[in-house]
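Protein chains: 2
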Amino acid sequence: MKKHNFYAGPSILSQYAIDNTIEAIRDFDNMGLSILEISHRSKQFQAVMDKAQALFKELLDIPEGYEVLFLGGGASTQFAMVPYNLLKTKAAYLDTGTWAHKAIKEAKLFGEVNVVASSEQDNYVYYPTKFEVPTDVDYLHITTNNTVYGTELRRDLDVPVRMVADMSSDIFTRPIDVSKYDLIYGGAQKNLAPAGVTFVIVKVDALGKVDRAIPTMLNYETHVKKGSMFNTPPVLPIYTALKTLEWYKELGGVKALQQIDEEKARVLYDAIDNSRMFVGTVNPDSRSIMNVCFVMKPEYKELEQEFIDFAGTKGIMGIKGHRSVGGFRASLYNALPLDSVKVLTAAMKEFENNH
Amino acid sequence: MKKHNFYAGPSILSQYAIDNTIEAIRDFDNMGLSILEISHRSKQFQAVMDKAQALFKELLDIPEGYEVLFLGGGASTQFAMVPYNLLKTKAAYLDTGTWAHKAIKEAKLFGEVNVVASSEQDNYVYYPTKFEVPTDVDYLHITTNNTVYGTELRRDLDVPVRMVADMSSDIFTRPIDVSKYDLIYGGAQKNLAPAGVTFVIVKVDALGKVDRAIPTMLNYETHVKKGSMFNTPPVLPIYTALKTLEWYKELGGVKALQQIDEEKARVLYDAIDNSRMFVGTVNPDSRSIMNVCFVMKPEYKELEQEFIDFAGTKGIMGIKGHRSVGGFRASLYNALPLDSVKVLTAAMKEFENNH
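So the protein lines, in turn, are chains G and E. Residue numbers for the first sequence, in my numbering: 159 to 513. Residue numbers for the second sequence, in my numbering: 159 to 513.
Any given hint could be a false lead.
Since the list gives no way to pick one copy over another, a pair counts as held whenever it fits inside one copy or between any two copies.
To be verified - Heads up, simulated BS3-like pairs for lysine-lysine below, C-alpha to C-alpha not over 25 Å straight-line:
(1) LYS384 to LYS260
(2) LYS248 to LYS361
(3) LYS260 to LYS500
(4) LYS263 to LYS384
(5) LYS260 to LYS459
(6) LYS263 to LYS383
(7) LYS472 to LYS201
(8) LYS160 to LYS383
(9) LYS367 to LYS478
(10) LYS288 to LYS459
(11) LYS263 to LYS209
(12) LYS361 to LYS413
(13) LYS455 to LYS472
(14) LYS160 to LYS384
(15) LYS407 to LYS455
(16) LYS507 to LYS384
(17) LYS459 to LYS266
(18) LYS246 to LYS455
(19) LYS266 to LYS383
(20) LYS215 to LYS472
(21) LYS266 to LYS361
(22) LYS478 to LYS201
(23) LYS413 to LYS263
(24) LYS478 to LYS384
(25) LYS161 to LYS201
(26) LYS201 to LYS160
(27) LYS383 to LYS260
These are computed hints drawn from the structure, not numbers from a lab. A quick note: this is a predicted structure, and the numbers were derived from the prediction, not measured.
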């Protein structure tokens, strides 16, 4: 039976990326060796790294003065690297949920943290956009998409300071005005690659301004200078990322992806809004097009597990909601076909008719 | 043409590990999904993590009180994590080359570093074993195998303090008395997995003794408490590591690997020692069985590139020496068959006869 992969991350990749990855593990670039067992210093892998960085810049229209890095350690390591490298005395953070919370915790180890707004009191069901940012902070940190709560900021804020953004789960879903950011980072295991690589877009001029000593591997300058090859990078995930980027270009780039993604989200939110049984958990103006969170209405609440099981019989996987929200979460990352969304909405309709 | 993979790292993996990795990318554990696109919180991946940790402990006979972690960031990140977590005031380091040097540099950010011995004056051609370790240091840090220079310590030292060891390139090549160490770490891309995962064996009691605040991801306690699942781990490299460990067990464990490795090294060192043209660069009592460094004798020096090209025609790859030593380096990791070594020694003989 065909499976429909709604996992929140690691999550669905394109068949093009998967097939090419298998081929490279079998025989990489006609070397007669697997990509799993070749030197990262080989000219064949250097070409992969160079192409992945170039295509990343091209697709997001990244201006001069920025570099793209591929690092290990996950976005969770970035929570500490960002303040280690950029927080001189004070930074502003926007609290939009679990991941923002973790980023705030790490920043407090390095300086004063001003939480400019939070939707915690409302269990993070909306994305706060009305707040003042003090002009004397080193940066404003935001989490553009909140995988756990299903909220998203689908534009670049106008604020009087430069921004740092965790875009783990919505990179490559819309054009970004990168010039508004000093740094954009994310775990690649949603819209780019398998688990194990973290992307960083960094304005080179923003680095080297703090007084503290930074361990070599935690210093972005180390990786900028060496083109992400200071130490052995996560070779295979970077190769798969390149294949995903090639596929994005073939599809028409981020504007095309944005259209496709918005259409997929519209289909699912429409089904939820027109349902007798299901209801969305997020304020409509804050809804994520990547992670759609919904629950059963109170009178049907006890049917939630039954629906997950029923969906399973249709090949629908990974829709159990995060424990902080409950109910269901359908993640509609770039590689998820519209057909899978339609299988899900059909299952919702059928289940509703059965009860 | 069959290729013989002598790369220093990332490096050769067993066909068993490669074939199983391909199969899991095609369809993991009969889920109908690729291992590249499933949640690390799935019960199927949790089983991989549990088995890999258990088999790691079993094969190395790791005593109670130690945990095995699989982290991102590479051994280079460990150079900072070790002193971040373990250096209270003063640590002893043994300087055996490039990697030890890097570890020393990071430790100096956290406290006093006492370099107890160094073979730098002799271009690191021997492994220093005669030195005093002050009893008031928090640990002695050693690099057991030096990939760049081809030296190795093939036993566990007797010193009056606990040790921390970088075993990136010789883990699983001999039994280790783990009880002598507070921590053993290494990049997995030599004897275990593709690039992207770092193993750590840590004595849990040794943690939590420093006063400084440690960023969450750099704190070993974070990962011990969460069984290496605090954040998304490098899923695929961990799966391949499990397959390598299964293959090691099938071969008979570390004692069997030790015999095989010593035999492969003996064959190559014998060929070098009996050659008119080639000569080893390392003192015989310090020779690594993993990375065999050799050069052409002065009168044949100009033939080095010609030999690399000639070896290439036999399918021999990755034998160009590191720039710090020059000449040749043949890495004989666990997955390299004895036959590949014999192809290399035959090529050396044939080349010698031709000149």
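Hints, verified against the model:
no. : hint             : in the structure
1   : LYS384 to LYS260 : between (29 Å within a copy, 16 Å between copies)
2   : LYS248 to LYS361 : within (19 Å within a copy, 37 Å between copies)
3   : LYS260 to LYS500 : neither (35 Å within a copy, 54 Å between copies)
4   : LYS263 to LYS384 : between (30 Å within a copy, 18 Å between copies)
5   : LYS260 to LYS459 : neither (31 Å within a copy, 57 Å between copies)
6   : LYS263 to LYS383 : between (29 Å within a copy, 18 Å between copies)
7   : LYS472 to LYS201 : between (46 Å within a copy, 20 Å between copies)
8   : LYS160 to LYS383 : neither (45 Å within a copy, 37 Å between copies)
9   : LYS367 to LYS478 : neither (44 Å within a copy, 40 Å between copies)
10  : LYS288 to LYS459 : neither (34 Å within a copy, 71 Å between copies)
11  : LYS263 to LYS209 : neither (35 Å within a copy, 33 Å between copies)
12  : LYS361 to LYS413 : within (23 Å within a copy, 51 Å between copies)
13  : LYS455 to LYS472 : within (22 Å within a copy, 70 Å between copies)
14  : LYS160 to LYS384 : neither (43 Å within a copy, 33 Å between copies)
15  : LYS407 to LYS455 : neither (41 Å within a copy, 53 Å between copies)
16  : LYS507 to LYS384 : neither (54 Å within a copy, 39 Å between copies)
17  : LYS459 to LYS266 : neither (40 Å within a copy, 58 Å between copies)
18  : LYS246 to LYS455 : neither (48 Å within a copy, 55 Å between copies)
19  : LYS266 to LYS383 : between (28 Å within a copy, 22 Å between copies)
20  : LYS215 to LYS472 : neither (39 Å within a copy, 40 Å between copies)
21  : LYS266 to LYS361 : within (23 Å within a copy, 29 Å between copies)
22  : LYS478 to LYS201 : between (44 Å within a copy, 14 Å between copies)
23  : LYS413 to LYS263 : neither (35 Å within a copy, 46 Å between copies)
24  : LYS478 to LYS384 : between (42 Å within a copy, 22 Å between copies)
25  : LYS161 to LYS201 : between (38 Å within a copy, 17 Å between copies)
26  : LYS201 to LYS160 : between (39 Å within a copy, 20 Å between copies)
27  : LYS383 to LYS260 : between (29 Å within a copy, 17 Å between copies)
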